[in-house]
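Participant: Each chain, letter by letter, is given below.
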Amino acid sequence: MTVRMLGASLLSLGLLAGCAQTPVLRGTGDLGVVIERATGSVQVVEHSGRTSLGSVPGLGDLSHAHVTYSRDARYAFVFGRDGGLTKVDLLTRTIVKRIIQAGNSIGGSVSQDGRLVVAQNYQPGGIKAFDADTLELVSEVPAEYAPGKFSKVVGLADVPGQKFVYALFDAGEIWVTDFSDPKHPKTTRFPAGQQPYDGLVTPDGRYFMAGLFGEDGIALLDLWHPEKGVRKILDGYGRGEEKLPVYKMPHLRGWAMAGGFAFLPAIGRHEVLVVDTKTWTEAARVPVKGQPVFVMARPDGRQVWVNFAFPDNGWVQVIDTPTREVIKTLAPGKAVLHMEFTPRGDNVWVSARDDNRVTVFDTDTFEVRKTLPATAPSGIFFSHRAARIGF
Amino acid sequence: MGFDRSLWLHVLVLLGVAAVAASAQAEPATERQRELVNMVRQDCGSCHGLTLKGGLGPALLPETLRDKPADALVATVMMGRPGTAMPGWAPFMNESEAAWIVQRLMQGFPPVAAQMELSK
Numbered sequence: 001m002t003v004r005m006l007g008a009s010l011l012s013l014g015l016l017a018g019c020a021q022t023p024v025l026r027g028t029g030d031l032g033v034v035i036e037r038a039t040g041s042v043q044v045v046e047h048s049g050r051t052s053l054g055s056v057p058g059l060g061d062l063s064h065a066h067v068t069y070s071r072d073a074r075y076a077f078v079f080g081r082d083g084g085l086t087k088v089d090l091l092t093r094t095i096v097k098r099i100i101q102a103g104n105s106i107g108g109s110v111s112q113d114g115r116l117v118v119a120q121n122y123q124p125g126g127i128k129a130f131d132a133d134t135l136e137l138v139s140e141v142p143a144e145y146a147p148g149k150f151s152k153v154v155g156l157a158d159v160p161g162q163k164f165v166y167a168l169f170d171a172g173e174i175w176v177t178d179f180s181d182p183k184h185p186k187t188t189r190f191p192a193g194q195q196p197y198d199g200l201v202t203p204d205g206r207y208f209m210a211g212l213f214g215e216d217g218i219a220l221l222d223l224w225h226p227e228k229g230v231r232k233i234l235d236g237y238g239r240g241e242e243k244l245p246v247y248k249m250p251h252l253r254g255w256a257m258a259g260g261f262a263f264l265p266a267i268g269r270h271e272v273l274v275v276d277t278k279t280w281t282e283a284a285r286v287p288v289k290g291q292p293v294f295v296m297a298r299p300d301g302r303q304v305w306v307n308f309a310f311p312d313n314g315w316v317q318v319i320d321t322p323t324r325e326v327i328k329t330l331a332p333g334k335a336v337l338h339m340e341f342t343p344r345g346d347n348v349w350v351s352a353r354d355d356n357r358v359t360v361f362d363t364d365t366f367e368v369r370k371t372l373p374a375t376a377p378s379g380i381f382f383s384h385r386a387a388r389i390g391f
Numbered sequence: 001m002g003f004d005r006s007l008w009l010h011v012l013v014l015l016g017v018a019a020v021a022a023s024a025q026a027e028p029a030t031e032r033q034r035e036l037v038n039m040v041r042q043d044c045g046s047c048h049g050l051t052l053k054g055g056l057g058p059a060l061l062p063e064t065l066r067d068k069p070a071d072a073l074v075a076t077v078m079m080g081r082p083g084t085a086m087p088g089w090a091p092f093m094n095e096s097e098a099a100w101i102v103q104r105l106m107q108g109f110p111p112v113a114a115q116m117e118l119s120k
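Protein chains in written order, with UniProt numbering: chain L, 1 to 391; chain H, 1 to 120.
Extracted from the complex, chain L is given alone in its bound form:
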């Protein structure tokens, strides 16, 4: 009797242990990660119930981190400042593989076919392509723009045709590299302008834009017509004659396209710039509380959410796109670093680094739906990025 009971207990223990090993059957469409920059960990979160599922430590220096997703949206590729590239399984919340691929890295992107994950590096300057399954190096393109001179790479974006577009900060160029033959990438170079600091591609993958720090304006490359070269647009965009100090470079990624207009951070100015994307000319400027860092459209394009550089980084403002007016000013906490919308935009998750929390807002009512504790949270990345061009 006792033996049988013991056996039964052991059996159930065994079953429990088995359960702990095997992930519960579920999708990954509502999962994501929150970067904890000071501790080198990520929290795996789910945005249906707005909970944290657990933490994955051991990811190195995440002081400037980026996350991109595998084609099946199960794995997060986490790029760290220290050149670390870590493949994290969202379901088991474990590290599948981790490599140190460079000395100083800022991000990366996944190819159109999902087979390559490409890192963009400051040191050594250039890009490297890895097998998305094994993280083995497939090929690399050093950003050697002149003999012995290497540039920091910014603004990497995947675009159709197994191509990646990126800008060279030190060289003032935009490069397009075709990985159709993964081991033998082919690169085309375009002069772009002085000190491109970040880049982005339109959601359809057609236009690549690089913001210029060293001069006013934006470098625009039409990837349907690369033979036409880079065109300079928005000459009034930039720091202008006053050369205002910029305390944090804006991030152009996650920029906002809404109703035929693009909403961009005006560098060094307390303004969001509205650009007519038919003519690529300035349509309006929206005054805001500080120097914008992220200017992000709710997925339906009706609202644009903006956060700011130091010292105004405790605020978030919401712009109504049809009227181009600020309709809400929020104070989500100290040092707001990033915002991420749920796939259909009902909620937005906002990280406040110095208050160690993530706040989930309802985007219609602006009510706080939830706050989650996190250690010095920065980037928030949901898995639906897996299906988007340029993320």
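Incorrect hints may appear among the rest.
Unchecked claim - Here are the simulated lysine to any residue pairs, SDA-like style, with alpha carbons at most 25 Å apart:
#, chain 1, residue 1, chain 2, residue 2
1, H, Lys53, L, Phe366
2, L, Lys334, H, Glu35
3, L, Lys248, H, Gln33
4, L, Lys149, H, Ala59
5, L, Lys289, L, Phe366
6, L, Lys228, L, Val176
7, L, Lys334, H, Asn94
8, L, Lys149, H, Glu31
9, H, Lys53, L, Gly214
10, H, Lys53, L, Arg98
11, L, Lys334, H, Leu65
12, L, Lys248, H, Glu35
13, L, Lys278, L, Arg253
14, L, Lys228, L, Thr188
15, L, Lys149, H, Glu63
16, L, Lys334, H, Asp43
17, H, Lys53, L, Thr39
18, L, Lys149, H, Lys53
19, L, Lys149, H, Glu35
Stated by the list, open to error - To list a few chain H residues with every Cβ distance to chain L over 12 Å, as calculated:
#, residue
20, Ala26
21, Ala29
22, Asp43
23, Pro62
24, Leu65
25, Ala70
26, Asn94
These are computed hints drawn from the structure, not numbers from a lab.
Note that this is a predicted model, so its numbers are computed, not measured.
Positions of the beta carbon are idealized from the N, C-alpha and C atoms, including for glycine.
Take the given structure of chain L and dock chain H to it, following the hints.
Facilitator: Here is chain H on its own, set in the frame of chain L:
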């Protein structure tokens, strides 16, 4: 003439060093030191990296700063460096605070206190 100029240069440099040394002695209060450490790690860190190993901006480690004169570094912190992305931080600190930051950077910069506690 040439002698005069170099003499003046020496005097100016000495005065500058003396000023930096004097201001460095006037240490900011403990609470302010914490704010400054946080500002350097987090906000300067936007470009120079949280670990100060460099990013879009150069590394700010003792070995990379060793050969640079402290007063020139203080001037860079306060007024920025024209032609580069380095802004002036004078709106957010005074010169003695900048001198304290430079001195600490050259010694090896302290970590952010609050986050060290949290990570334990």
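Participant: It remains to establish, for every hint, whether it holds in the given structure.
Facilitator: Hints and how they fare:
{"no.": "1", "hint": "Lys53/H to Phe366/L", "verdict": "39 Å, violated"}
{"no.": "2", "hint": "Lys334/L to Glu35/H", "verdict": "13 Å, holds"}
{"no.": "3", "hint": "Lys248/L to Gln33/H", "verdict": "22 Å, holds"}
{"no.": "4", "hint": "Lys149/L to Ala59/H", "verdict": "18 Å, holds"}
{"no.": "5", "hint": "Lys289/L to Phe366/L", "verdict": "18 Å, holds"}
{"no.": "6", "hint": "Lys228/L to Val176/L", "verdict": "14 Å, holds"}
{"no.": "7", "hint": "Lys334/L to Asn94/H", "verdict": "23 Å, holds"}
{"no.": "8", "hint": "Lys149/L to Glu31/H", "verdict": "44 Å, violated"}
{"no.": "9", "hint": "Lys53/H to Gly214/L", "verdict": "23 Å, holds"}
{"no.": "10", "hint": "Lys53/H to Arg98/L", "verdict": "21 Å, holds"}
{"no.": "11", "hint": "Lys334/L to Leu65/H", "verdict": "31 Å, violated"}
{"no.": "12", "hint": "Lys248/L to Glu35/H", "verdict": "18 Å, holds"}
{"no.": "13", "hint": "Lys278/L to Arg253/L", "verdict": "20 Å, holds"}
{"no.": "14", "hint": "Lys228/L to Thr188/L", "verdict": "13 Å, holds"}
{"no.": "15", "hint": "Lys149/L to Glu63/H", "verdict": "22 Å, holds"}
{"no.": "16", "hint": "Lys334/L to Asp43/H", "verdict": "13 Å, holds"}
{"no.": "17", "hint": "Lys53/H to Thr39/L", "verdict": "17 Å, holds"}
{"no.": "18", "hint": "Lys149/L to Lys53/H", "verdict": "20 Å, holds"}
{"no.": "19", "hint": "Lys149/L to Glu35/H", "verdict": "38 Å, violated"}
{"no.": "20", "hint": "Ala26", "verdict": "24 Å, holds"}
{"no.": "21", "hint": "Ala29", "verdict": "20 Å, holds"}
{"no.": "22", "hint": "Asp43", "verdict": "4 Å, violated"}
{"no.": "23", "hint": "Pro62", "verdict": "18 Å, holds"}
{"no.": "24", "hint": "Leu65", "verdict": "18 Å, holds"}
{"no.": "25", "hint": "Ala70", "verdict": "22 Å, holds"}
{"no.": "26", "hint": "Asn94", "verdict": "16 Å, holds"}
In this structure, the hints that do not hold are numbers 1, 8, 11, 19 and 22, in rising order.
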